[in-house]
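Using the sequences plus the hints, can you model the full thing?
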Amino acid sequence: MLPKHYQFHTLSSIDSTNLYAMQQIHEGLAENGAAYYAIEQTNGKGQRGRTWYSQPNKSIHLSIVLDCTKLSASQYFRLSAAVAVGAKNYLEALAKEAVYIKWPNDLYIADRKAGGILIENVISNNIWRWAVVGIGININQNSFPENLQRAVSARMLTKQIYNCETEAQNLCFYINESFQNLLNGGWKVIFDEYNNHLFGKDTIRKIRKNNAVLPCLIKSVNEQGYLIAGEMNQYQFEHGSVEWIL
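Residue 1 is where the sequence shown starts when you use UniProt numbering, and the numbers rise one by one after that.
These are computed hints drawn from the structure, not numbers from a lab.
Predicted, not measured: the structure shown is a model, and the values here were computed from it.
Yeah, the Cβ is synthetic: ideal placement off N, Cα and C, and Gly gets one too.
Accuracy of the hints is not assured; some may be wrong.
To be verified - No farther apart than 27 Å at their CA atoms in a straight line, the calculated lysine-lysine pairs in the DSS-like style are these:
hint	residue 1	residue 2
1	Lys219	Lys113
2	Lys102	Lys206
3	Lys201	Lys188
4	Lys219	Lys201
5	Lys96	Lys219
Claimed, not checked - For each label pair, taking beta carbons as the anchor points, the in silico distance ranges come out as:
hint	residue 1	residue 2	range
6	Arg129	Glu177	21 to 27 Å
7	Val122	Gln180	19 to 25 Å
8	Asn184	Glu31	16 to 22 Å
9	Gln23	Met232	44 to 50 Å
10	Gly185	Asn32	17 to 23 Å
11	Phe173	Asn196	20 to 26 Å
12	Ile123	Leu214	29 to 35 Å
13	Glu146	Pro56	16 to 22 Å
14	Ala98	Gln160	14 to 20 Å
Put into structure tokens, the structure is as follows:
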């Protein structure tokens, strides 16, 4: 189900839907709700400069352009959390499994990665103009390369094969619902939902900071987007400053 104001564009093959969406913005061709779905993505972008592994018609490769002028640049984590919650809700409905958000915005089922989110922003004169919300979700894979054995797809869980284009449109509905909730004052609900489904919550996980590996009790994420860990909440990790060891 596609939100009424969304413009859904299907691309046969592209290097990165995020790069394509950003180009559309800079050329003045993108509008709020422009969604770019690629059947094949050859060089998808992931967190921390990584690439996103995919095969044609096996994944959702989707980038959505959102007008963020009603948000302040200091509210970046609010958008990140809203998108993560929307994607979580979509994947739970599809896979019929509990989905968790690995801080800051990866999607996990049990200890296996099912999807990831990368948000890139356009800020001009201190005004947050646009966000490009890139989402990759494993849909039809029945196996993964040896270096990605911790990955999982909807097909592996449900034994069904899906139409990825239709699923990308369904995902748009969930993202729009969560984004509108944020714009309409629903931040507290989103924030609580994010923390209630925080991956590793109340368990000890290994975190690498610089060259040190810290076994930390994962507690929560605060409203500024910092990961709170440790028996006495003694650790506050900023996004990009640490790496999970799974």
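Consistency of the hints with the structure:
no.: 1; hint: Lys219 - Lys113; result: holds, 20 Å
no.: 2; hint: Lys102 - Lys206; result: holds, 13 Å
no.: 3; hint: Lys201 - Lys188; result: holds, 19 Å
no.: 4; hint: Lys219 - Lys201; result: holds, 6 Å
no.: 5; hint: Lys96 - Lys219; result: holds, 26 Å
no.: 6; hint: Arg129 - Glu177: 21 to 27 Å; result: holds, 23 Å
no.: 7; hint: Val122 - Gln180: 19 to 25 Å; result: holds, 20 Å
no.: 8; hint: Asn184 - Glu31: 16 to 22 Å; result: holds, 20 Å
no.: 9; hint: Gln23 - Met232: 44 to 50 Å; result: holds, 47 Å
no.: 10; hint: Gly185 - Asn32: 17 to 23 Å; result: holds, 19 Å
no.: 11; hint: Phe173 - Asn196: 20 to 26 Å; result: holds, 22 Å
no.: 12; hint: Ile123 - Leu214: 29 to 35 Å; result: holds, 33 Å
no.: 13; hint: Glu146 - Pro56: 16 to 22 Å; result: holds, 21 Å
no.: 14; hint: Ala98 - Gln160: 14 to 20 Å; result: holds, 18 Å
Of the hints listed earlier, there is not a single one the structure fails to meet.
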